[in-house]
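Peer 1: Here are the chains, one letter per residue:
Protein chains: 2
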Amino acid sequence: MKKVNIGLLGLGNIGTGTYQTLEMNYEHIKDVTGVDFEITRILERDVDRKRPITVRPEQFTQTPDDIFNDPDIDIVIELVGGIEPATSFMLKALNAGKHVVTANKAAIAANYDELMDTAKANKVMLRFEASVGGGIPILTALTGSLLANEYEEILGILNGTTNYILTKMDHEDMAYEDALKEAQQKGFAEADPTADVEGHDVANKLSILMNLVFKKKVHPDDIQTTGISAITKDDIEQAKKDGCVIKLVASAYHKDGELGCFIQPTLLNKEHPLATVNNEFNAIFVKGNAVDDLMFYGKGAGPLPTGSAVMGDVIEIGRAISKGVAYDL
Amino acid sequence: MKKVNIGLLGLGNIGTGTYQTLEMNYEHIKDVTGVDFEITRILERDVDRKRPITVRPEQFTQTPDDIFNDPDIDIVIELVGGIEPATSFMLKALNAGKHVVTANKAAIAANYDELMDTAKANKVMLRFEASVGGGIPILTALTGSLLANEYEEILGILNGTTNYILTKMDHEDMAYEDALKEAQQKGFAEADPTADVEGHDVANKLSILMNLVFKKKVHPDDIQTTGISAITKDDIEQAKKDGCVIKLVASAYHKDGELGCFIQPTLLNKEHPLATVNNEFNAIFVKGNAVDDLMFYGKGAGPLPTGSAVMGDVIEIGRAISKGVAYDL
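Chains A and B supply the protein sequences, listed in that same order. Just so you know, we're using the numbering used here here: the first sequence kicks off at 455 and counts up by one. Just so you know, we're using the numbering used here here: the second sequence kicks off at 455 and counts up by one.
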């Protein structure tokens with residue numbers, strides 16, 4: 455049986471969820487893929503933190519090069535987060551001939567071309583399913599089974615924090631500040647919620663979608679973005695009266711020769727498939743010229759859903775390695 | 455550029471939709487795949503029917519062997535429908551070393567093992583994304599990007615006809631007979647609606663899902679199946695009073711060591727993601743042990759949505775051919 459070794463950069467929440475996904479489904483994954491995956495090295499300073507997984511002390515390292523220079527490692531999973539040093543780590547791994555899997559939307563959106571070109575030059579794979587929509591396998595579908603379509607429109611609820619807040623405001627008549635506070639208490643929002651509530655997180659994801667779906671480079675900073683921090687109880691009330699809900703929607707369109715994208719709080723008629731996507735859930739609505747309306751719904755964040763997407767990419771690469779095609783893509 | 459030639463068996467509604475999908479997106483598909491797909495031969499008696507596509511007279515044949523024996527044909531698309539002669543056609547094509555793509559749920563469900571074994575023995579690919587959920591790329595996701603999960607539960611609204619009838623009964627207080635009549639007028643139900651309304655169509659699809667997801671062989675005839683023909687206005691009314699809707703749900707589960715499946719009209723709480731799947735739409739709800747709740751929603755039938763799924767499979771095979779791995783899977 456083909457053995458595939460993995461180096462993991464970062465054992466925070468997502469790193470732990472990824473490790474746990476492989477640990478709990480190890481036999482199943484080996485069974486269906488015919489590949490034996492093992493996370494052999496982990497770059498992480500905090501070796502003592504209590505985690506719901508079994509890690510041997512010798513798996514840990516504090517030296518990134520221990521992973522990049524390890525000839526036995528086939529795949530590097532980057533879960534450090536942020537643009538740097540994550541981007542440099544990925545470039546090093548790709549240049550060392552390792553396949554790379556990441557959940558890092560900020561680094562992919564900021565350095566898309568450099569990362570893709572470096573993967574291509576080294577004939578290795580770079581995959582980032584988890585960077586958009588968490589556990590929802592949307593990127594693989596858009597660039598795989600749905601390839602026979604030209605897309606007219608993509609609409610996404612791509613941020614669980616803002617969707618949770620808007621749902622609470624709508625269902626429980628809460629004020630924005632109170633809903634934000636509750637989201638923070640439940641761990642759905644960070645202490646500094648700016649990146650989420652002002653739409654910057656979504657801008658990274660929409661930039662990635664524009665690259666993949668419309669082959670168009672739009673830097674996240676150049677996407678016209680309005681967050682939800684100015685939404686009031688009155689806005690929600692008025693929307694209800696009109697038979698609508700307010701959602702933070704990322705839009706990308708290609709209609710009548712015009713191509714564009716923007717992010718803003720959007721009135722959705724209650725009959726729209728995205729209107730019933732509530733709480734921390736994400737969804738992506740696509741209109742293809744053959745498949746017509748399509749929607750994918752699921753958990754856009756969380757250690758295990760994100761771990762599912764990361765491991766999906768790892769499995770895809772492992773299968774390619776075992777068929778001998780991974781270095782020629 | 456790699457050229458991939460296709461033989462098409464059947465140019466009815468789905469065959470025409472498949473041809474049309476390739477025709478309208480030809481340049482786009484060539485662009486993103488680097489493969490030049492052409493439907494070179496078509497098995498079809500009715501050469502004179504008016505269709506929204508351009509077919510040259512010399513593409514038609516009435517002799518199946520013209521396709522199976524054509525050394526230039528790489529992929530055979532089977533869209534004849536029904537168990538026979540479709541199964542024999544597929545076996546002939548596989549034994550002739552052709553890859554096969556089909557939308558034929560009845561033939562795949564009835565002869566799953568024989569078809570899969572024949573594909574394996576001939577080292578060719580057999581794909582059938584369009585057989586479950588029409589345009590929704592559910593099979594590829596379940597056997598690809600979601601492979602890191604063990605599944606606890608799959609629930610599907612897998613038949614557009616019955617969902618259309620139930621939606622009309624719920625939204626417009628129609629009686630079953632009237633809703634069925636309207637579905638027939640709109641082309642969502644056939645003159646003899648038995649296969650749809652009694653759940654036999656869904657049984658084929660659930661049998662395929664059981665094979666793929668739980669590796670369990672259940673013949674469609676052995677699935678406990680209750681259709682919707684006995685549902686009355688009173689049933690719908692009572693469900694409404696209880697805050698529910700009635701949907702024809704196909705269920706497969708693997709919980710506490712027990713594995714099973716059944717099809718029946720099911721009360722769904724209005725908050726359930728499947729409850730808002732209306733009219734002719736289909737949806738599949740999956741619960742994986744890592745990804746948690748996930749739902750795919752889209753058009754479960756129709757020439758172009760089904761054509762999208764068929765062409766998705768064709769593209770997957772074409773890419774494998776161009777990488778030189780298609781004959782070693």
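Don't take each hint at face value.
The list cannot tell twin chains apart, which means a pair is met if one copy fits it or any two copies do.
Here are the simulated DSSO-like pairs of lysine-lysine, each with C-alpha atoms no more than 27 Å apart in a straight line [stated by the list, open to error]:
#, residue 1, residue 2
1, K777, K484
2, K671, K741
3, K670, K484
4, K669, K456
5, K671, K695
6, K671, K504
7, K741, K484
8, K777, K456
9, K777, K504
10, K669, K574
11, K671, K484
12, K457, K635
13, K577, K671
14, K709, K671
15, K484, K457
Hints were generated in silico from the structure; no laboratory data involved.
Peer 1: Hints first: check each against the structure and report whether it holds.
Peer 2: Hints, verified against the model:
1. In the homo-oligomer, the alpha carbons of K777 and K484 lie at most 27 Å apart both inside one protomer (15 Å) and across protomers (25 Å), since each shortest distance falls under that limit.
2. Taking the shortest alpha-carbon separations for K671 and K741, only the intra-copy value of 21 Å comes in at or below 27 Å, while the best inter-copy value is 35 Å.
3. Taking the shortest Cα distances, K670 and K484 sit within 27 Å of each other only across copies (18 Å), while inside one copy they are farther apart (38 Å).
4. Taking identical chains as interchangeable, the C-alpha atoms of K669 and K456 lie at most 27 Å apart only when they sit on different chains, with a minimum of 22 Å there against 35 Å within one chain.
5. In this homomeric assembly, K671 and K695 never come within 27 Å of each other (Cα to Cα): the closest approach is 39 Å inside a single copy and 51 Å across copies.
6. When the C-alpha separation of K671 and K504 is checked against a cutoff of 27 Å, the pair qualifies neither within a copy, at 41 Å, nor between copies, at 43 Å.
7. Only between protomers do K741 and K484 lie at most 27 Å apart by alpha-carbon distance; the minimum there is 20 Å, versus 36 Å within a single protomer.
8. Within a single copy, K777 and K456 get their C-alpha atoms as close as 10 Å, and across copies as close as 20 Å, so both meet the 27 Å cut-off.
9. In this assembly of identical chains, K777 and K504 lie within 27 Å of each other by CA distance neither inside one copy nor across copies; the values are 38 Å within and 45 Å between.
10. In this assembly of identical chains, K669 and K574 lie within 27 Å of each other by CA distance solely inside one copy; the values are 16 Å within and 36 Å between copies.
11. Within a single copy, K671 and K484 get their C-alpha atoms only as close as 38 Å, which misses the 27 Å cut-off; across copies the closest is 21 Å, which meets it.
12. When the C-alpha separation of K457 and K635 is checked against a cutoff of 27 Å, the pair qualifies neither within a copy, at 47 Å, nor between copies, at 58 Å.
13. With identical chains, the CA atoms of K577 and K671 are at most 27 Å apart within one copy only, with a shortest distance of 22 Å there and 40 Å across copies.
14. Only within a single protomer do K709 and K671 lie at most 27 Å apart by alpha-carbon distance; the minimum there is 18 Å, versus 46 Å between protomers.
15. Taking the closest pair of Cα atoms, K484 and K457 come within 27 Å of each other only inside a single copy of the chain (10 Å); across copies the shortest separation is 35 Å, beyond that limit.
Hints 5, 6, 9, 12 from the earlier list are contradicted by this structure; the remaining hints agree with it.
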